[in-house]
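Residue numbers (numbering that gives the first Met the number 0): 0 to 411.
Incorrect hints may have been included.
[Claimed, not checked] Pair ranges (Cβ atoms, derived):
{"id": "1", "residue 1": "ARG161", "residue 2": "ARG303", "range": "29 to 35 Å"}
{"id": "2", "residue 1": "SER165", "residue 2": "GLY308", "range": "29 to 35 Å"}
{"id": "3", "residue 1": "ARG160", "residue 2": "SER251", "range": "36 to 42 Å"}
{"id": "4", "residue 1": "THR170", "residue 2": "PRO274", "range": "21 to 27 Å"}
[As the list claims (entries may be wrong)] The calculated lysine to aspartate or glutamate pairs, modelled on DMTMM-like cross-linking and capped at a C-alpha distance of 20 Å, are:
{"id": "5", "residue 1": "LYS240", "residue 2": "ASP134"}
{"id": "6", "residue 1": "LYS325", "residue 2": "ASP392"}
{"id": "7", "residue 1": "LYS356", "residue 2": "ASP287"}
{"id": "8", "residue 1": "LYS325", "residue 2": "GLU398"}
{"id": "9", "residue 1": "LYS301", "residue 2": "GLU353"}
{"id": "10", "residue 1": "LYS356", "residue 2": "GLU384"}
{"id": "11", "residue 1": "LYS30", "residue 2": "GLU120"}
{"id": "12", "residue 1": "LYS125", "residue 2": "ASP109"}
{"id": "13", "residue 1": "LYS325", "residue 2": "GLU396"}
{"id": "14", "residue 1": "LYS30", "residue 2": "GLU100"}
{"id": "15", "residue 1": "LYS78", "residue 2": "GLU106"}
{"id": "16", "residue 1": "LYS30", "residue 2": "GLU86"}
{"id": "17", "residue 1": "LYS78", "residue 2": "ASP115"}
{"id": "18", "residue 1": "LYS125", "residue 2": "ASP252"}
{"id": "19", "residue 1": "LYS125", "residue 2": "ASP115"}
{"id": "20", "residue 1": "LYS356", "residue 2": "GLU293"}
{"id": "21", "residue 1": "LYS301", "residue 2": "ASP290"}
{"id": "22", "residue 1": "LYS325", "residue 2": "ASP180"}
{"id": "23", "residue 1": "LYS356", "residue 2": "ASP318"}
{"id": "24", "residue 1": "LYS30", "residue 2": "ASP109"}
{"id": "25", "residue 1": "LYS356", "residue 2": "ASP296"}
Keep in mind the hints are simulated off the structure, nothing from the lab. Every residue gets a Cβ at the ideal spot worked out from N, C-alpha and C, and that includes glycine.
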Amino acid sequence: MMRTVSNIVVFYGGFLRAMFGGTISPMDESKLNWRPRLRPLQMTLQDGALVLSDPLGLSPNPVSLSPAAAVVLGLMDGKRTLGEIAEEYSKIVGERVGPAEILTLIEKLDELYLLDSPRFEEAYRKATEDFLRRDSRPYTMAGLSYPADPMALREKVAAARRLDSSGRDLTARGVVIPHIDPRRGWPVYVEGLRAIFRNPADLIVILGVAHSPIRHPVQVLPMALETPLGRLEVADDVVSKLTGSVSYDLVSDPLAFVREHSVEFPAVFVKALFPERRLRVVPLIVSDLGDGPEAIDEAMIKLREILRGREFLPVAAVDLSHVGPKFGDEFLDEDRMLHYDGEFMASFSTGVPESLKALYEEMGNPTRIDAYGATYALMRLIEGEEGESLAYDVSREDETSSAVSFMAGVIR
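Kindly produce the complete structure, drawing on both the sequences and the hints.
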């Protein structure tokens with residue numbers, strides 16, 4: 000059977016016979032050779048179910064799958080036919096199912112644009128064309144994660160504009176802030192925003208984290224960013240030179256920016272800090288460091304050359320560890336999280352990108368720190384002499400026994 004609860008489509012039941020109500024449709028013989036492949040999606044565990052979320056937003060609602068259906072997903076690698084999936088499922092679970100039952104689930108997933116299929120490709124193409132017709136990226140999180148009212152938004156960042164009584168050196172050539180929902184980590188945001196306010200520049204390079212799959216490790220958005228306080232205009236000259244000087248396509252996946260909060264949050268809060276300044280932005284997203292440090296190096300070295308002689312401030316919006324059952328761990332191990340976060344921040348304190356790269360290569364990323372790529376890019380862009388962590392915190396989710404950690408910091 001199928002039901003929708005709080006905008007979540009839920010598939011559940013003994014297996015597929017009970018998932019959609021009614022009977023399984025007769026098998027279309029022409030589909031026997033279909034070799035379905037699941038798209039790259041965000042996956043979390045909630046209440047024993049596997050929840051799929053589409054970071055591109057083509058499938059607008061999260062989809063929750065029973066453990067049985069989740070097994071089928073694990074077999075959808077683009078190599079197995081429906082019959083082979085059914086046979087392998089039966090071996091794993093010990094429950095016999097046929098290709099028609101597998102097809103019922105797969106067709107529903109395809110209907111929701113969750114498969115790498117012609118249906119998805121057409122939807123992706125159309126959505127990309129529609130987005131590129133715009134001259135600016137609209138904000139999407141106002142009224143949820145931060146105030147939609149301009150005055151309330153300015154008041155929210157007011158603490159970052161006040162003098163810091165701690166006596167810390169907030170001089171910075173680059174700043175790191177979180178991208179966790181501001182409602183969960185605002186005190187740490189304030190420390191990073193305070194450093195931004197103390198180091199004003201008319202050109203802001205935003206380095207977000209690619210939560211959607213991108214074909215190349217760095218992408219740039221050649222359009223302005225809307226905020227409740229007005230637009231941040233894109234630095235067209237910089238973007239044009241950058242896209243023309245890198246050996247790969249920096250604008251292959253513009254749709255990855257549509258719902259990217261790690262670009263929206265820094266844009267909104269920087270605009271709130273400097274509402275009257277005529278700022279320009281270079282909006283970038285960066286994938287995981289393991290996806291290609293050489294490609295990140297190429298883009299950042301070219302960007303550094305383009306910006307030589309200009310005053311600019313790079314701002315990376317990143318989080319640290321993602322741990323606990325929600326993210327695939329058996330249990331929440333906070334000591335492990337603190338250890339790997341500490342190693343990351345120690346490498347950050349050197350200001351040397353090679354230190355962060357060496358840490359990643361040595362230890363991997365067992366606690367799913369999403370900061371590696373964007374932070375490495377920031378460090379490579381400015382080639383600083385030292386870094387300092389200004390604040391660190393952990394947001395715990397009791398209902399899932401999971402946690403996300405985050406920091407604010409500066410590179411000098």
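Hint check results:
no., hint, verdict
1, ARG161 to ARG303: 29 to 35 Å, "33 Å, holds"
2, SER165 to GLY308: 29 to 35 Å, "33 Å, holds"
3, ARG160 to SER251: 36 to 42 Å, "38 Å, holds"
4, THR170 to PRO274: 21 to 27 Å, "24 Å, holds"
5, LYS240 to ASP134, "19 Å, holds"
6, LYS325 to ASP392, "19 Å, holds"
7, LYS356 to ASP287, "11 Å, holds"
8, LYS325 to GLU398, "10 Å, holds"
9, LYS301 to GLU353, "18 Å, holds"
10, LYS356 to GLU384, "16 Å, holds"
11, LYS30 to GLU120, "19 Å, holds"
12, LYS125 to ASP109, "17 Å, holds"
13, LYS325 to GLU396, "9 Å, holds"
14, LYS30 to GLU100, "12 Å, holds"
15, LYS78 to GLU106, "17 Å, holds"
16, LYS30 to GLU86, "16 Å, holds"
17, LYS78 to ASP115, "13 Å, holds"
18, LYS125 to ASP252, "13 Å, holds"
19, LYS125 to ASP115, "15 Å, holds"
20, LYS356 to GLU293, "11 Å, holds"
21, LYS301 to ASP290, "19 Å, holds"
22, LYS325 to ASP180, "17 Å, holds"
23, LYS356 to ASP318, "17 Å, holds"
24, LYS30 to ASP109, "13 Å, holds"
25, LYS356 to ASP296, "11 Å, holds"
In terms of the numbered hints stated before, the structure departs from none.
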